[in-house]
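In order, the protein sequences belong to chains A and B.
In this text, residue positions in the first sequence follow the working numbering: the first is 1, and each later residue adds one.
In this text, residue positions in the second sequence follow the working numbering: the first is 1001, and each later residue adds one.
Keep in mind that a hint or two might mislead.
[Said to hold, decoys possible] Think about it this way: if two alpha-carbon atoms lie no more than 30 angstroms apart in a straight line, the pair counts; the simulated DSS-like pairs of lysine-lysine are:
hint, chain 1, residue 1, chain 2, residue 2
1, A, Lys21, A, Lys180
2, A, Lys29, A, Lys193
3, A, Lys69, A, Lys28
4, A, Lys193, A, Lys74
5, A, Lys120, A, Lys164
6, A, Lys166, B, Lys1206
7, B, Lys1206, A, Lys164
8, A, Lys230, A, Lys26
9, A, Lys26, A, Lys69
10, A, Lys26, A, Lys184
11, B, Lys1206, A, Lys71
12, A, Lys231, A, Lys180
13, A, Lys231, A, Lys184
14, B, Lys1206, A, Lys74
15, A, Lys193, A, Lys28
16, A, Lys120, B, Lys1206
17, A, Lys74, A, Lys21
18, A, Lys230, A, Lys28
19, A, Lys193, A, Lys26
20, A, Lys180, B, Lys1206
21, A, Lys164, A, Lys118
22, B, Lys1206, A, Lys118
23, A, Lys128, A, Lys180
24, A, Lys128, B, Lys1206
[What the hints assert, rightly or not] Pair by pair, the computed Cβ-Cβ distance ranges are:
hint, chain 1, residue 1, chain 2, residue 2, range
25, A, His136, B, Ala1290, 55 to 65 angstroms
26, A, Gln108, B, Asn1209, 18 to 28 angstroms
27, B, Tyr1242, A, Asn78, 46 to 56 angstroms
28, A, Ser58, B, Arg1314, 51 to 61 angstroms
Just so you know, the hints here were simulated from the structure itself, not pulled from any lab data.
Glycine residues also receive a C-beta, built at the ideal position from the N, C-alpha and C atoms.
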Amino acid sequence: MEDIIVCEDLNKYYSGVHALKDLSLKIKKDSVVGLIGDNGAGKSTLIKILSGAHQPDSGHIYFEGNEVKFKSTKEAMNLGIETIYQYSALIPEMSIARNIFIGREQTQYNVGNFGLMKTKTMQDDAMKALTDVELHLRSPDTPVNQLSGGERQGVVIARAMYFKSKVLILDEPTNHLSVKETNKVLRFVEGLKSQGVTSIFITHNLSHVYPIADHLCVMARGEKIADMEKKDTTIDHLTDLLVNG
Amino acid sequence: MKNLNLKSLLVRPEVATFIMFVVIMIGFYLANERFLDARNIRIVMGITPEYMIVAIGIAILMISGEFDLSVGSVFALVPMTMVQMVHQGVPPWFAIFLGLMIGVIVGFVNGFITLRFGIPSFIATLGMLYIARSLTTVATAGFPPPFPHILPNELFVYQFELFRASLYWALLVAFVLGIMLHRSNVGNWIYATGGDTNAASSMGIKTNNVKMFCFILCGFLAGFAGMIQTFRLEAPLPSQGYLLELESIAAAVIGGVSLFGGIGTIFGACIGAILIRFLESGIIMARIDAEWFRAGLGSLIIIAVVFNTYISRRATRIGQNKAKD
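Chain A extracted, bound-state conformation:
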């Protein structure tokens, strides 16, 4: 299978701290990659670079074979790399439909970038997007703060699917979720593969990502310390790497 994202020798410094050291990584198309590591291992730095939020100090990123240099998250999103941040993917007070279309509203009577929202279309499409990820909610007008944690992740994933993302980066999507809700999110992510979406699943909880991952990558102190197919490793081996670096 071909690689959708290739990173070569990425380095990133934050005011003197070497947060990412010569990181190289290949991510296969339509796979689930588990990116694991303890706090401060450099996972967040890596995804911020892949999502366009930060720029690497050196190194190269190739997306579908072409070198890319993202200046903003918008640029990465336009290419189909969508990132779901741990706490800040949805606006709690806004409705599901409005959340799904934030920054990408369907508009009419446009003047430049501005226009009136096609409320009805957005509501219908929002419901369709939710149904596509097997999430059945009452109404697209429900404010997101009335949803459970798992449902919220479902909305975010539905959004990424709706906008035909090719790569979905999930930052600790199962943090603070109950066991039942965690399983729901894991099912969403597993379902992405069959729809041609590559996901990068970041977590420090190995037991969450192990069952659904095809490939696992372990980071510590800004470096990649292991990078292997699931079939070549065991959960005990990975735990040992995580704990002892």
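Since the structure of chain A is provided, determine the placement of chain B on it from the hints.
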């Protein structure tokens, strides 16, 4: 299902405000029947539009997550400079244009200082409150200038049978900005920015531009409303709009706008502004000492916010329990 719709309507803060408004109106009417006769409505609605316009600007800015304490000073500075420019021989319409631009510039400076230096807008605009008021007094040049009657004030404040032209201007502002806030994509960005700035920017929204737009709009509307008041009084007073910043925040908050951003409506802000003016009038008409107005306003603010907080907590809890089923 019908029950559900009613419930979701009742949890909307501006609906609670509207109910409060109706109750207060009935209460004052019972205290004095003349509270609702044409004469009193004409008096109250003659001054209300000016406050509505300022409250709309404040509400939009607060929804985007920022404050503006300088609106009261801009409310005085803009018309004062218009009048002085006309006295200096500037053609009236050009003076109006330049005056309104001062509101825009003050809004821009407020936004620039807040966003560029990352300080709270509360502080940036508190500074501007003093600066703009000081500039107004300086522009007065010691003595309030006479009102130049070549200014087209009738267009903005002409007294029709019951209402003044200013009410129609305020309704126009409310309508246009209501469409913008509630129906356009810009409105969606404003709510998103105020609701969670980080989430909004991770979705590609330029949150600083959104906030800057709201600061400028707020400054412009404060100046426009101040112009209307000066046109109505036919006297530019350097003290005009004193404490208006707090009153317009009060109007917005009573109307259901959240202090933390992301929540509120234009309708709510308008009702809040109207409610405050009728409260003032009602207290006088009920032959209560007018000094009680501030106490009434203060109680209203606290009751409105406590009530809204209680309602929204309940709504969230109900929703989450339902989601777990």
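Structure-based check of each hint:
1. A/Lys21 <-> A/Lys180: 37 angstroms, violated
2. A/Lys29 <-> A/Lys193: 9 angstroms, holds
3. A/Lys69 <-> A/Lys28: 20 angstroms, holds
4. A/Lys193 <-> A/Lys74: Given that 30 angstroms is the threshold and the Cα spacing comes to 24 angstroms, the pair holds.
5. A/Lys120 <-> A/Lys164: 21 angstroms, holds
6. A/Lys166 <-> B/Lys1206: 24 angstroms, holds
7. B/Lys1206 <-> A/Lys164: The hint holds at about 22 angstroms.
8. A/Lys230 <-> A/Lys26: 15 angstroms, holds
9. A/Lys26 <-> A/Lys69: Since the Cα atoms of lysine 26 of chain A and lysine 69 of chain A sit roughly 17 angstroms apart, the hinted pair holds (cutoff 30 angstroms).
10. A/Lys26 <-> A/Lys184: Given that 30 angstroms is the threshold and the Cα spacing comes to 28 angstroms, the pair holds.
11. B/Lys1206 <-> A/Lys71: Holds, because 13 angstroms separates the two Cα atoms, which is no more than 30 angstroms.
12. A/Lys231 <-> A/Lys180: Holds, at about 27 angstroms.
13. A/Lys231 <-> A/Lys184: 24 angstroms, holds
14. B/Lys1206 <-> A/Lys74: With a Cα-Cα distance of about 10 angstroms, the restraint between lysine 1206 of chain B and lysine 74 of chain A holds, given a limit of 30 angstroms.
15. A/Lys193 <-> A/Lys28: This hinted pair holds, its Cα atoms lying about 11 angstroms apart.
16. A/Lys120 <-> B/Lys1206: 26 angstroms, holds
17. A/Lys74 <-> A/Lys21: 26 angstroms, holds
18. A/Lys230 <-> A/Lys28: 13 angstroms, holds
19. A/Lys193 <-> A/Lys26: 17 angstroms, holds
20. A/Lys180 <-> B/Lys1206: Status violated; Cα separation ~36 angstroms.
21. A/Lys164 <-> A/Lys118: Status holds; Cα separation ~20 angstroms.
22. B/Lys1206 <-> A/Lys118: Holds, at about 22 angstroms.
23. A/Lys128 <-> A/Lys180: Judged against 30 angstroms, a Cα distance of about 24 angstroms means the pair holds.
24. A/Lys128 <-> B/Lys1206: 28 angstroms, holds
25. A/His136 <-> B/Ala1290: 55 to 65 angstroms: 58 angstroms, holds
26. A/Gln108 <-> B/Asn1209: 18 to 28 angstroms: Check passed, 22 angstroms falls within 18 to 28 angstroms.
27. B/Tyr1242 <-> A/Asn78: 46 to 56 angstroms: 50 angstroms, holds
28. A/Ser58 <-> B/Arg1314: 51 to 61 angstroms: For serine 58 of chain A and arginine 1314 of chain B the Cβ distance comes to about 54 angstroms; the hint holds.
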